[in-house]
Structure formats: structure tokens, C-alpha cells
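Chemist: Chain by chain, the residues:
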Amino acid sequence: MLLHLLNRAPSSSSVHQDVLRTMGEEDGLMLIEDGVFGAVSAQVQHFPGLEGRLFALREDLESRGLAGRCDSRVIIVDMDGFVALTEEVQRTVSWF
Amino acid sequence: MRYALLVLGGPYSHQAAHSALRFAHAAIARGHRVGTVFFYHDGVYNAAHFAAPPQDEPHLVDAWRELQRTQGTVLQVCVAAALRRGLLDAREAERHGKRGASLEPPFELTGLGQLLDIGQTHERLITFAP
Chain A
1 MLLHLLNRAP
11 SSSSVHQDVL
21 RTMGEEDGLM
31 LIEDGVFGAV
41 SAQVQHFPGL
51 EGRLFALRED
61 LESRGLAGRC
71 DSRVIIVDMD
81 GFVALTEEVQ
91 RTVSWF
Chain B
1 MRYALLVLGG
11 PYSHQAAHSA
21 LRFAHAAIAR
31 GHRVGTVFFY
41 HDGVYNAAHF
51 AAPPQDEPHL
61 VDAWRELQRT
71 QGTVLQVCVA
81 AALRRGLLDA
91 REAERHGKRG
101 ASLEPPFELT
111 GLGQLLDIGQ
121 THERLITFAP
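Those sequence lines, one after another, are chains A and B.
Under the UniProt record's numbering, the very last position in the first sequence is 96; numbers go up by exactly one each time.
Under the UniProt record's numbering, the very last position in the second sequence is 130; numbers go up by exactly one each time.
Don't take every hint at face value.
What the hints assert, rightly or not - Calculated Cβ distances over 12 Å to all of chain A for the following chain B residues:
id: 1; residue: A29
id: 2; residue: Q55
id: 3; residue: L112
Claimed, not checked - Incomplete in silico selection of chain A near chain B, CB under 10 Å:
id: 4; residue: N7
id: 5; residue: I32
id: 6; residue: E33
id: 7; residue: G49
id: 8; residue: D78
id: 9; residue: M79
id: 10; residue: D80
id: 11; residue: F82
id: 12; residue: V83
id: 13; residue: E87
id: 14; residue: V89
id: 15; residue: Q90
id: 16; residue: R91
id: 17; residue: W95
id: 18; residue: F96
Hints were generated in silico from the structure; no laboratory data involved.
Don't be surprised by glycine CBs; every beta carbon is placed ideally from N, CA and C.
Working from the sequences, and respecting the hints, build out all of it.
Modeler: Pasting the structure below:
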């Protein structure tokens with residue numbers, strides 16, 4: 001099981017497609033930095049089939065004014081929760 | 001757990017260094033150790049000794065130094081990436097006939113092989129990229 005970290009918005013980069021092609025059935029996806037643009041309702045369709053394992057970093061949502069626009073299918077975690085997710089997996093993979 | 005962070009983004013141009021630093025503080029708050037931070041690619045600019053940002057902005061270079069001082073975190077900088085970008089410690093400056101060092105302890109110039117060691121000696125390695 002891996003935790004994938006994505007810091008690019010789906011509208012400005014196609015790297016999220018590489019992530020989706022690579023992800024295993026139990027892998028999690030953590031959206032950080034500009035990646036959190038993918039967590040808003042208008043963009044979340046780029047991440048189908050990830051209910052329960054799609055996360056977005058609260059601090060990065062807030063710094064972009066998106067805290068209230070996050071789709072309900074995305075699990076919002078703070079930095080403490082981000083660290084907790086890395087405790088549960090042996091490896092993380094950063095995509096950029 | 002023993003964490004290592006790999007920072008590939010330069011300060012003040014990408015969020016990578018900020019994210020890594022915030023992650024380090026959060027990991028420490030959860031009782032983990034951040035054993036090593038390795039700076040590579042433009043991430044080596046995080047070690048720029050002469051960095052002098054405006055006083056009302058976060059001083060990232062000082063923040064890394066503080067992490068070393070308070071937590072004993074080892075700050076390693078890829079020597080090949082650093083020399084290309086003009087970051088030389090006293091020894092390298094002398095070797096290349098330059099006056100003054102632009103990289104000072106607690107930052108250490110080291111080879112990329114160290115990154116492989118880090119992967120084996122730390123339980124988690126998290127990459128923060130530009």
C-alpha cells in the first residue's frame with residue numbers, strides 16, 4: 001500500500017492521469033499545494049473511484065480560499081493528519 | 001518513527017520548502033524524529049548562507065538551522081547540485097579558488113550516495129518537490 005502525493009492541479013497538469021494509472025486498489029492519494037484544486041466539486045471528477053482514500057491538506061485549501069468548496073467525497077486532513085497517513089504506509093510517492 | 005525529508009524545491013519560488021518544514025514540525029509534534037533533511041536540485045538554495053529575506057517574511061534558511069539546533073536534524077546538501085549553483089563551503093571555496101563560503105554548517109555538503117543510505121536508515125522518506 002502506497003500513499004501518493006500530488007501537488008499539481010488537474011487543470012494545469014496531466015500528471016494526475018499518471019497517478020491514477022499507477023495507483024493500486026488500496027493506495028491513497030493526498031492532494032497538497034496546488035493539488036488541492038482537484039478537491040473542489042468542479043474538479044473532483046478527475047479522481048473517480050477513490051472514495052475513502054482521497055485526501056486534501058486543509059492548510060493548502062485554506063491558503064487558496066477553497067476550504068468551503070471541497071467536495072464531500074474528499075477527506076480533509078490537517079498537517080497532523082497528513083503525518084498520520086504516512087505512518088500507515090511504508091512508502092510515499094511524490095508526483096509533480 | 002525516524003523520518004527523512006527530501007527537498008527538491010528552492011525557497012521563495014515554490015511551496016516545497018514551506019511544506020517540508022511544516023511537515024517536519026507536525027511530525028515532531030506527533031513524537032517522531034526528523035533525522036535528516038536532504039536538499040537536492042534547486043532545493044540546495046535552502047542552504048544559502050547569505051540569504052537575507054525581508055524581516056517580516058519567514059526566514060527558511062534560519063528555520064532549517066533551528067531544526068538542526070533543537071532536534072539534531074542532520075542537514076545534507078548534494079555537493080554536485082550545490083557547486084553548480086554557487087553554494088560552496090569553505091573547503092570547496094578554497095579548492096575552486098573562490099573567496100568566502102556561501103554554505104556554512106550546520107549544512108553539510110555530501111554525495112548523492114548519502115540519499116541511498118537515508119532510504120535504508122530512516123523508516124520514512126517523504127519527497128517535497130517544486
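Chemist: Now tell me, hint by hint, if it's right for this structure.
Modeler: Each hint, compared with the structure:
no.	hint	in the structure
1	A29	7 Å, violated
2	Q55	22 Å, holds
3	L112	17 Å, holds
4	N7	7 Å, holds
5	I32	6 Å, holds
6	E33	5 Å, holds
7	G49	25 Å, violated
8	D78	8 Å, holds
9	M79	4 Å, holds
10	D80	5 Å, holds
11	F82	7 Å, holds
12	V83	5 Å, holds
13	E87	7 Å, holds
14	V89	9 Å, holds
15	Q90	8 Å, holds
16	R91	8 Å, holds
17	W95	8 Å, holds
18	F96	4 Å, holds
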